[in-house]
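Q: Residue strings, one per chain:
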Amino acid sequence: MTGARTIVGATGDWELAIGLEVHAQVATQSKLFSGAATAFGAAANAQVSLVDAAMPGMLPVINRAAVDQAIRTGLALGAEINRFSVFDRKNYFYPDLPQGYQISQYRHPIVGAGELRIDMPDGRTRVVGIERLHLEQDAGKLVHDRSATDSHVDLNRAGIPLMEIVSRPDLRDWEEAGAYLRKLRALLRAIGSCDGNMEQGSLRADANVSVRRPGAPLGTRCEIKNLNSVRFLMRAIETEAGRQVALLEAGEIVHQETRLYDPQRNETRAMRSKEDAHDYRYFPDPDLVPLQLSESRIERLRGSLPELPDETRERLIRDYGLTPYDASVLVADPDAPRFFEAAARDRSGKRVANWIVTNLFGALNEAGHTLAESPVSAPDLGQLVGLIENGTISDRIARDVFDEMFRTGASPQSIVDARGLRQIQDTDAIDAAIDAVLAANPGQLDQYRAGKTKVLGWFVGQVMKATRGQANPGLVNERLRQKLDGDGEA
Amino acid sequence: MSSDLARLGVAEAADGLAAGDCSAVELVEACIAAQEAARDLNVVVADTAERARAAAVHADQRRRRNEARPLEGIPVAVKDIFCTEGVATTACSRILDGFVPEYESTVSARLWEAGAILVGKTNMDEFAMGSSNETSRCGPVRNPWSPVDGPSLVPGGSSGGSAAVVAASAVPAALGTDTGGSIRQPASFCGVVGLKPTYGRCSRWGIIAFASSLDQAGPLTRSVADAALILEHIAGFDPRDSTSADLAVPDLHAALQGNVKGLRVGVPSEYRLDSLPSSISDLWEQGIVWFRDAGAELREVSLPHTRYALPAYYIVAPAEASANLARYDGVRFGARSMGTDPDELYTRTRRDGFGEEVRRRIMIGGYVLSEGYYDAYYLRAQQVRTRIAEDFRQAFQDVDVLLTPTTPSSAFPEGDKTDDPLAMYVNDIFTVPASLAGLPAISVPAGLDEAGLPLGLQLVGRAFDEVTLLQAATILEDAAGTFRPPTVAA
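Sequences listed follow chains C and Y, in order.
Take 1 as the starting number for the first sequence in the working numbering and just add one per residue.
Take 1 as the starting number for the second sequence in the working numbering and just add one per residue.
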C-alpha cells in the first residue's frame, strides 16, 4: 500500500481498511414507488402520496426512470447489471417509516461487482472495488423543534429513490476515502443519475472503518453513519482509526458497532452495538414482481451515457497536455471540462487549467459559488490567458484583472483598457523610468557598483512600482543590466 | 313484494330493472329492509342506507335517460376489507377505529362505475384472519342456516358477513376476499356460490392487505351465472397493482352458454382423507356422477405435495401479514394508545388494537422470518409452494378442472373451535392448495348434510381459465339445484 498513510502507534504501525456505503438520491421527478414529487425544500408533508403515507390498501409501483438511472450508474461503474433482481422488505418500526418496512434490495441487487478509479494528489492511482449497487426507498424525517413535548413527522423524503453503492474495504486512508467520494460524486453528476448535493442530503456516506497490523487480516470494524460532507467523512475516519488504535494498544478490543460522528467535538460515539442490532426479517416484497431487464433496455441505456470522467481525463491529458492531477481536478466537477475546453480554445491548455484549478476554483470556493454560478465566463478567462500570452499584461497584473473580473463580471480587455494596465513595451519609456530611479537612489547605486549585485532585484521592483506594474518585467531587467553593467555612462 | 325483490339474483334484478318491473329505489329499499330484518345475523357493520338510497334515485334517473349501465341499480354488499370512499372501513379491527378512506378500491370502484350500488359493508374476521368470523371486533355473524332454537352456527370466514348476507337473500351479491379459502369456505357453509379468481385477475389496490401474494377479491352470489357477471365487471388489469395481470377479461357471462362436452374432470386422490365425514365423501361421489352424466370424462389425478400445503400456507401468510400489518402503528390513522416514547406507543397501540388471532399470526410471521429461522421456515414454505404449483401444472396436462370438497365439515357451532387454532386452521385444508398455486377456484352449493346444513363442492381451474371453471360449475349447479335456508325459504 505504498503512499497510503499508516498510523504510527506506540507499539508500531497500523494500517486502515475502509469501505464506504454511499446513499445517492436518484435524480428523478417522482418517488421510487409512488407518483409523488421529489423536489427539495417543499413545505412539510406537501409531497406525500397515499402510498408514501402507507394508507391501508395502498400498493407500490416501481418507477422505471429510477431503475434506468441505477442501470446507467452500474454501467458507468463498469459493473455487472443483474438481469434479475428482487425488492425485499426490511422490517423495523420507526415513526418516519410509515410502512413499518423499507423496500430495499437485499439478496438480489440490481447491480453487482464493479470498480472506481481514484487519482491521488501525489500521482498515485488506485482502483477501488464496488461490491454492489441496489435501489431502496428513503425514510421521512422527524422534526423535534416545533414543540417542547411532541415530535412531528415530515414524510416528504419518504419513498424517495436512493441508490446504495457499497465499496469493498479497499480504501487505505481517509485521503483515499475522500478522493473516492469526490470521484463517485463526479461520476454520478456527469451521467446525471444524482445531483451530488451533499448539503441537501442527496449524497450521504456510511464508513466502515477497521485497523490492523500491516499484512494482518481485517480487524473488527465500526460503522460511522450518515456523513454528509467529504471533510466530515475524512475527519471521522481519521478520528475513528485513532480511537481504535488507542484501544488496541491499550490491550482492549474493538466492538463491532454503529457509531455517530460529532463534528463539534471531533469524536465518534456509539449508537448501537451489534448485540442490540435489529433483526430486519428481510423477505421478498410480495407487492412487487421481480425486476427483469431486457438486453435492449440495457443497451439503450449504455448508449445514453455521456463521456465518463475517466475518459474525459484521458482526453484532457492527451489533447491539452494537462498534468494528471489538474485533469483529475477538472473532471471532479461535471461542469468544469466544458468550461475548460471553452476557455482553452487557441490557448495553452496547461496555463488555462492552472488558472481554473488555482485561481478560479479558489475564488469560487471562497465565495461559496459553484462553477455554474461563476461571475467569470469561460471565454473571458480564455481572453485573460490570451492577454498574458501575447504580452499585453504580466501574470501579476493578470491576477489583479482576474480579481476585478470576479468582482464585477467585466471582460479582461475592458478592464485592461479602462485602467490603462497595458504592459509597457516601449524601451524609451522604460529607460526613462530606470534613469529616474537610479538618479533618485545614488546610495543603492553605489552599493551595486561596490559588488552588491543583489540590489538589482530591488531596482527592478522600484521601476515596476514607478510604472505601476505595467512595465514588461523582462524588458526592465534587460535594460537595467545594460545600464548598470554597460559603459557606465550613468 | 319488497322481500321478493331482495331475493332476486343479479341477472334477474338487472332484467327486472331493464323491463321496468321494478325500480332501483325499490330494489335498494328491499335490500335495506331485508338487512334490517336480518339484524340478528350481525352481517352489516357500516350503515350505507342513506348513500344507497341517493344512488338508487340517481340510477333510476339514468335509466329514464337511457343511460343505464350494465349493473345500473344492482345492490352489492362489500366486505369491510375493501376501502370505500367516505364510508368507514376497519377490516373489523379495533386498530382501524374511525378510519374513513378518501379512496375507493379498484374492484369496488369498477362495480360502481358499472352502475352497482353499495348496500352494506359486511362483517368479517379481523383482517381476514379466521375461518368462522369469530375474530371480528364487531362480534360473530350468525349463519342463516342456524336452527331457530338451536345454537348459533358460524358462517365460516373470513368473508362470513358477505356469505351470510347473500344466503339470507338480503342482497343479490357481495364482494369477499379469499387468501386461503375466505370466499369458498363461507360460501360452502352458507350454501351460496363463492368464486376466487386467478391471482392477478382482480386488482388488490385499495383492499386492506392480509397476505399480498395470496389475497384475491371475488364474488359471493346465489348462482354461478351471477358470479360470472360480477367477476366480469371487477376483473382486469390495474397499473396501480404490480401483481395484476395485463390480460383481457373474457365475456364470462356469455361463455356459460358454451358446450361442456368432452370436459375432463380430475379427482385428486390425496384429497380423500380418512377423517372426511361420510356426508362429504358421499356428496363428492355424487358430484363425480353428475359430471359423468353430463358427458364429462372423469380422471383420478395425483397432487403429491397436498399434505404440505396447509403448513406452508400458515407460514407464508403470517409472514406477509406480519409486515403488511406493521403500518398500523398509531402514528398516522386509526386507533392510538398513547405512550411516552415511540416504542411504548407502538406496543400499546398494537396490543390494544389487534385481537388475539391477529397478534398470534403477527408473532408467527415474525418468527418464521427471523434470522436463523428464515431458511427453515419461510424459504422452505416457498419451495413447497413451487412444488404445489408444479403438481397442479402436471395435473392440468390431463384434465381441465379438478373436483374436490370445499370444506372438511359443514358449519359448526359458535365457540366450537375458538380455543383450538389448529382445529380452526384445518378448515382450509381443501382450499389452501389452489390459493398457494394462485389458481381460480369456486365453491358451488351441492347438497345438505344429515343435519340439513349446506355443503359445497369445489372446482379448481387452470390459471386465467375462469371460463372453463364457470362452465363446469354450471354443471354442478344444474344437477344440484339451489339451496335457501329454511328461515328464508318461502
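Please keep in mind that the hints were generated in silico from the structure rather than gathered at the bench.
These numbers were taken from a predicted model, which means no experiment stands behind them.
The reader is advised that the hints may include incorrect statements.
Said to hold, decoys possible - Ranges between beta-carbon positions, derived for each pair:
#1 D47/Y to A65/C: 43 to 49 Å
#2 E371/Y to T220/C: 30 to 36 Å
#3 G339/Y to P306/C: 48 to 54 Å
Unchecked claim - The calculated SDA-like cross-link candidates involving lysine to any residue, where the alpha carbons are at most 20 Å apart (straight line), are:
#4 K141/C to S23/Y
#5 K90/C to L379/Y
#6 K225/C to E299/C
#7 K90/C to V488/Y
#8 K90/C to A451/Y
Claimed, not checked - From the derived model, a few chain C residues whose C-beta atoms are all more than 10 Å from chain Y:
#9 D285
#10 D287
#11 P473
Glycine is no exception: its CB is placed at the ideal position from the N, C-alpha and C atoms.
Q: State for each hint whether it applies.
A: Consistency of the hints with the structure:
no. : hint                         : verdict
1   : D47/Y to A65/C: 43 to 49 Å   : holds (45 Å)
2   : E371/Y to T220/C: 30 to 36 Å : violated (20 Å)
3   : G339/Y to P306/C: 48 to 54 Å : holds (52 Å)
4   : K141/C to S23/Y              : violated (54 Å)
5   : K90/C to L379/Y              : holds (16 Å)
6   : K225/C to E299/C             : violated (36 Å)
7   : K90/C to V488/Y              : violated (51 Å)
8   : K90/C to A451/Y              : violated (50 Å)
9   : D285                         : violated (8 Å)
10  : D287                         : violated (5 Å)
11  : P473                         : holds (71 Å)
Hint violations for this structure: numbers 2, 4, 6, 7, 8, 9 and 10, all remaining hints satisfied.
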